[in-house]
Amino acid sequence: MGKRIIDFIYKNRGSSGLFLKYLLIVILLQSVFRLCFVLLYSYRLEDTPFGDLLLAFVMGLRFDMASGATILMPFFLLSLVGVLNRFSWYRRLWASAPLLVIVWLIAHETADIIYFENANKHIGYEGFAFLGDLALLLKSAVYQNPYVVIAAFLGLLVAVALMVFAYRRFIHDYDFPRDVSYRIAVPRVLVFLIIGVILMRGGLQERILRPSTALIGQNDFVNNIALNPVFTMLVDVRSYSVPADKRMDMEEALWLVRREIDYPGAEFISEEYPLMRKTIVRRKPATPPNVVIILMENWTGKFVQPIGDGLVDGKEVTPFFNRFHKNGLFFDHFMASGGRTVNGLLSMLTGMPDKPGLTVFRSHHILSAFRPLPQILKESGYDTYFVTGGPLEFTNKKQILPHWGFDTVLGMEYMSGLNRYQRDEQGWGFFDEDIYDVFHEVLSERQAGQKPFLAVFESLSTHYPYHTPDERFRIFDESTRDYEFLNSYYYSDWALGKYMQRALQSNYADDTVFIIVGDHTHHRYLNYYEDRNIPLLIYWPGHIQPGIDTDISSQLDLVPTILGMLGVETHFAALGKDLLDPEARRSAYFAHGNIFGWIEDTTFYYQLTDAKFGMGRVTEESLYTIPTCTQEGGQCDRYRRKGIAFLNVGVRLIDEQRVFPKDEETLQAVLERSNTKVFPGCALSLQDHYSALEKRAMQFDGLIENFHSGRAVPELRAFLPPDSRDAASMADFQQRLRVQEDLIQQQLNKTLSDARVALSGQARFDPSIERNQQLQNIRIIPAERRALVDTQMFTLILNTGDLAAVRERERLLREAARLNRMDLPKETLAELENAPEITPVQQQVSIKQTGWNLADDCQWYPSIEIPDTASMN
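When you read off a place in the sequence shown, starting at 1, and then add 382, the result is the number in my numbering.
Treat the hints loosely; a few may be bogus.
Only pairs whose alpha carbons sit at most 20 Å apart, straight line, appear in this in silico SDA-like list of lysine to any residue [as the list claims (entries may be wrong)]: (1) LYS666 to VAL1000; (2) LYS403 to ILE576; (3) LYS660 to VAL950; (4) LYS708 to PRO923; (5) LYS833 to LYS708; (6) LYS684 to PRO701; (7) LYS780 to LEU792; (8) LYS994 to ASP627; (9) LYS684 to GLY949; (10) LYS833 to TYR911; (11) LYS684 to PRO671; (12) LYS760 to TYR796.
The calculated label-pair distances, taken between Cβ atoms and stated as ranges, are [as the list claims (entries may be wrong)]: (13) LEU1053 to VAL579: 51 to 57 Å; (14) LYS1044 to PRO964: 54 to 60 Å; (15) PRO923 to LEU427: 47 to 53 Å.
Since the hints were made in silico from the structure, they are not lab data.
All residues carry an ideal CB built from backbone N, CA and C; glycine is no exception.
Build out the structure end to end from the sequences listed, making use of the hints.
Structure follows, in structure tokens:
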């Protein structure tokens, strides 16, 4: 059998045999690059068991076969067009094109090895997106890893030479058989097509091969060994949409999201645009202040105080910032919403998170109607500026930033035209010190009395390849890990300090809010939590009290926070909240590459977009893994649901163009249709509901005890029917009541089970059933409690979708009350007869006094009918 297979591969001269040879070459090359990848980054293996490493290589073969079959299949299909195969040029086309693909594969794999060091992930869509900046990327790569680049270049030349030889030796004079019997050719082609499809999907398993299949253990680097950059590129280039197993009922997703980002300083006003809110001005400065936002490239939080001790090998990385932050409000648990600058720009300037995979900046979705901060402030009378020292063509900033509302956008081209500064020839543009100089000059030239301004500065010097202007900033040497980045970090801090010293003495300093924030981390040598954590400092003397905010927050919160500080009355759409509002919840959502997650309290939850479960880690010192996060109903399930909710809302509203109305005319039309306040669902969590209902039930227990002890209770007046003492025999009544009680007890047992589920954070909404049935998960009361409640609360708690059963139980309870009434003293009966009626309004007030506003909490559910007492009689 083995000899037949070898003979078929090497002696078969049809297209099937040729492409099988190509596939073997592709698999071999990817395996070789995987070995180089592991050898180069072997320091990341730590104490990885050999079995895990071996399993990663074996698993990698599946990804190699899948990616190889995918990139070669189009050419194999071309070879099947028999009518064109009569032409020799056509046969040479489909036979030789894979040689070019192999050359590209070698270049792509080489780029991935360099890219992984700085991105902590395999190269994806970037392999195509950055082709326009290839010269700049090569220059940076040569500066950072000259020997690797030279070796790669020589290897590529050898590969090209081999491909040319292969073409001349095997393809140009290839004798393609044209007289093969159809009885042989057709079955052979069908077999190869079937095998090709099986390889492309990674096997015969139910689900196709996905990045999450590479998850082997706790070591994130080992999990990346099985993947290859061709596979990740194929996954990334698709316009990302929420996978079927992550799609959540949009009503439930919006309920979770709105509840999480709701705060008193803004109110939701539209169902057409579910994130659109109107600000409620609660604080407003006497005069509109200027706003300066300084975006710090690659500022990793662990190297600044007070997130860490700020020391590496006994040297301070950011001496200026470590002291200056004490003058403002510093957020030490502030999180990046993405992993690249474009992710940070989208989050911080629009309040919307980027998609996993292909960034919005590189897709048609960038044309979606966001509500950017510069556009809002421009409408409020602000001038707007954006200044950077890099190329504006990179990631389409030249077109996007003016579209977002920036009046003045200055970049590398402007600075080059000044002929005053020396460009960093090994980097991406100009050094930070020179960019600050231009930034400060532009703001200082403004005349007194002009409109307030929003000015955004984007630093550059801490971008790979980490170059500094002279030796005095190179305080770390090769003995320190990551010394080049740390030196650029030290220089960036020095340049920031020099600018702030000038700015605070300028004509615009007294009336300016300074916000210093990282755009993302530098990714190298970081665990998942450190890879999210970046600094945020708000400096506004006389308005913002200095201190340290230790709660979780993220870049998505920046727009609402700035609008709250400025007291701007406007409409906006953002997936964040005002960090200066003490009533706002504190949490963070993030999405980058093929990962999304949720951070809340001390739990850090992250998950591959194609995986069923994710991993949870405690964010404190040990960052140990929570094993139950990988199971249904585990400790992290509530965080998983929130993460999936934000994933659905963020991606689907962008896809559906429902973030914000596209123009003023549409906005006004939406506002006319949205003249009532929209509540973000019940404002209480399921656990809060449980506690509130239990408290309410205890109160009614007291009412029942008072009733049975003969004391008049006005709240029970609604349950007393007209004076009628003729009733069925007590035995008959008790039998009917017992049967009905058994049915209700079953319902209560299920409700109690739902309560336990809710308390562990895993209550589910099922879109396939009625809304009233969906809501049973939040109607919770312990089974052992038989509280007699007023009709509104009774219906709300016990309605399990069968209103008739609820009403029947109410009727029996009324009858029980009437029978009990027969034993009451005459004085009590008279007092009950004369007790005032409890109207629905009074009942609502009574409920409100217990801490639960029934009308407010449930207005968002339009299908709920809460009948008043009179309709139940």
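Hinted pair, alpha-carbon criterion (20 Å max): LYS684, GLY949. Please report holds or violated. Between LYS684 and GLY949 the Cα gap is close to 33 Å, so the pair fails against 20 Å, i.e. violated.
Within a Cα-Cα threshold of 20 Å, do LYS833 and TYR911 meet the stated pairing? Answer violated: LYS833 to TYR911 is near 41 Å, above 20 Å.
Restraint check for LYS994 with ASP627, where alpha carbons must lie at most 20 Å apart: Status holds; Cα separation ~8 Å.
Pair hint LYS660 and VAL950, alpha-carbon separation not exceeding 20 Å: Holds, because 10 Å separates the two Cα atoms, which is no more than 20 Å.
Measure nothing beyond the straight line between the CA atoms of LYS760 and TYR796; if it is 20 Å or shorter, mark the hint as holding. violated, 23 Å
Using the beta carbons of LYS1044 and PRO964, state whether their distance is inside 54 to 60 Å or not. violated, 35 Å
Taking only the CA atoms, is the gap from LYS684 to PRO701 under or equal to 20 Å? This hinted pair holds, its Cα atoms lying about 14 Å apart.
What's the verdict on LYS833 and LYS708, does the C-alpha distance respect the 20 Å limit or exceed it? violated, 30 Å
Does the hinted range 51 to 57 Å hold for LEU1053 and VAL579 at CB? holds, 52 Å
Does PRO671 sit within 20 Å of LYS684, going by the straight-line distance between their CA atoms? violated, 31 Å
Would you check the hint for LYS780 and LEU792, treating anything up to 20 Å between C-alpha atoms as holding? The given pair, whose Cα atoms are some 9 Å apart, holds under the 20 Å limit.
Quick one, are LYS403 and ILE576 close enough, alpha carbons at most 20 Å? Judged against 20 Å, a Cα distance of about 17 Å means the pair holds.
Checked against the numbered hints above, the structure violates hints 1, 5, 9, 10, 11, 12, 14; every other hint is satisfied.
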